[in-house]
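Q: Listed below are the residues making up each chain.
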Amino acid sequence: MLSVADLKKGTKLILDGDPFVVTAFDFVKPGKGQALYKCKMKNMINGTTLDRTYRSGENFEPASMDERDMEYLYKEGTHYTFMDQQSYEQVVMEEDAMGDAKNFLLENTKVSVLLFGEKPIGVSLPNFVNLRVIQTDPWIKGDTSGSDSKPATLETGYVLRVPPFIEENELVVIDTRTGEYSTRVKG
Amino acid sequence: MSHAALTVRAQVLQAIRQYFVERGFLEVETPLLIPANAPEEYIDPVTALPWQLQTSPEICMKRLLCRGHQLIFQISHCWRANERGSRHLSEFTMLEWYRAGADYRELMDDCIGLLRQIAVCCTSDGKFTRFGKKIDPTANWLRIGVQEAFLRFAQVDALASVQNGCFDELLVSQVEPELEKIDVPVLLTDYPAPMAALARLKSDDPRFAERFELYLAGLELANGFSELIDPEEQRDRFNEANHKRQLAGRSVLPLPERFLTELSTMPPSAGIALGVDRLVMLVTDAATIDEVVAFRPEEL
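Residue numbers (our numbering), protein chains in the order written: chain A, -1 to 185; chain B, 9 to 308.
No wet-lab data here; the hints were simulated from the structure. Ideal Cβ positions, reconstructed from N, Cα and C, are used throughout, including at glycine. Where hints are given, some of them may not hold.
Listed below are the simulated DSBU-like cross-link pairs for lysine-lysine, each with C-alpha atoms no more than 30 Å apart in a straight line [what the hints assert, rightly or not]:
hint	chain 1	residue 1	chain 2	residue 2
1	A	K40	B	K210
2	B	K142	A	K30
3	A	K30	B	K141
4	A	K73	B	K189
5	B	K210	A	K38
6	A	K36	B	K141
7	A	K73	A	K148
8	B	K141	A	K38
Sample of chain A residues with no beta-carbon within 12 Å of chain B, all distances over it, derived [stated by the list, open to error]:
hint	residue
9	M42
10	T51
11	T176
Start from the sequences, fold in the hints, and give me the full structure.
A: Structure representation (structure tokens):
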């Protein structure tokens, strides 16, 4: 068990059955009053946040997390299926838990999946991934509109802004942390 | 701590001394290592066996009042075990001042005068800045009773919340966040009697005590009250605090016996404790107390 005094930013604990991560934590003590702990927490599955005030002596169950190497197989409706690279077991993740990762994921991509018990609750992608542009308007030479970017659709369906010289079918490098174009893949 | 912050801290200490000396207060120094503090339900002294470090200089300062000193102030270090947060250090600096023949209303006037002088001496524009908001100490201060604040901000009767044991939680989670939004200094007055172990009860309504807290932008700066001077009542309240400590599994604390003996000779008085580190936080717009001390305990 975790005592409330052991909590700090980043501590993972279970609340009403869901895993939460502590995002802010402070010891407070109003004049002549008792010690209290103000805590902000984020639900690791659906991202909702909570503000709670606890007394000293309260205890929490730590949320143990496991990270495993998996391969993304396919999507069906709002379900994403992954396969454990060691046990070959398949796990299914809800779209809610995928977060932005769904924008950068192609079938057969190797990723790291975060598990809470047996439940997959998050995906860690490499910081940079290569994805193909499937649609973007051509660059008109002599364009004087002054625009230094244009929209492009990637093979995952994700739309972002790229420099005007990027053409359809080109491979581009995307920074998965910001979701932005980084550079073109030199062929 | 930056050189600039250390400089401001020195200016604040200087301004405090100047303010009180100009008003006829005597600066005193009393021992930091003492046989007994005033037992409080939620304050654990740091022990230096067989004695304790002071949790506040109140016991010795009140004994000076018993000996006839009328206006006294002290800036001293205090220690409270297991207190560490963004506004708490286990060792911190406290300003206390006492007025014989006065009650808590005169302390409120002192707070107004002191904070106005600090703003003039230690800030660039005569105002305090906190989280981008200006707090002007020359404006009219807001005085609000604890009962009114609880009804308005938490929609709860303050006395009922004491009964239910959730007074502190409501203060911290409902009331203080609202006080943070007010752009003038706030005097939160007349605490429920059980929340004021060393304060005199209000003569017209003994459910409340003559105790107040000073807040600026939600930052609790000072706690003052009209002193209880009845030795029997004081002993009962100390025993009550120890009883609650025992029930909660805390250590039972020794009573300050010489203080209790001399209390019968203490004139009606008022006294207040102000956190100097927090005052420097306010002057420097520091988010944490760590930014205003020369060394954090973790650095030692």
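Q: Can you confirm whether the C-alpha distance between K30/A and K141/B stays at or below 30 Å?
A: holds, 28 Å
Q: Quickly compare the C-alpha distance for K73/A and K189/B to 30 Å and report which way the hint goes.
A: violated, 48 Å
Q: Please work out if K210/B and K38/A have their alpha carbons no farther apart than 30 Å.
A: Status violated; Cα separation ~38 Å.
Q: Checking one constraint from the list: CA of K40/A to CA of K210/B, max 30 Å. Satisfied?
A: violated, 45 Å
Q: Would the pair K73/A and K148/A pass a check requiring their Cα atoms to be no farther apart than 30 Å?
A: holds, 29 Å
Q: When you check the alpha-carbon spacing of K142/B and K30/A, does it fall within 30 Å?
A: The hint holds at about 28 Å.
Q: Verify the proposed pairing of K141/B with K38/A, using a straight-line Cα cut of 30 Å.
A: holds, 23 Å
Q: Was T51/A rightly flagged as not at the interface, with every chain B Cβ beyond 12 Å?
A: Label violated. Min Cβ-Cβ 5 Å, cutoff 12 Å.
Q: Verify this label for me: T176/A is non-interface relative to chain B, using a Cβ-Cβ cutoff of 12 Å.
A: The claim holds: T176/A sits with its nearest Cβ about 27 Å from chain B, beyond 12 Å.
Q: Would you check whether the claim that M42/A is not at the interface survives, using Cβ distances to chain B and the 12 Å cut-off?
A: Per Cβ check, M42/A is outside 12 Å of chain B; nearest 23 Å; holds.
Q: Hinted pair, alpha-carbon criterion (30 Å max): K36/A, K141/B. Please report holds or violated.
A: holds, 23 Å
Consistency note: the structure conflicts with the earlier hints numbered 1, 4, 5 and 10.
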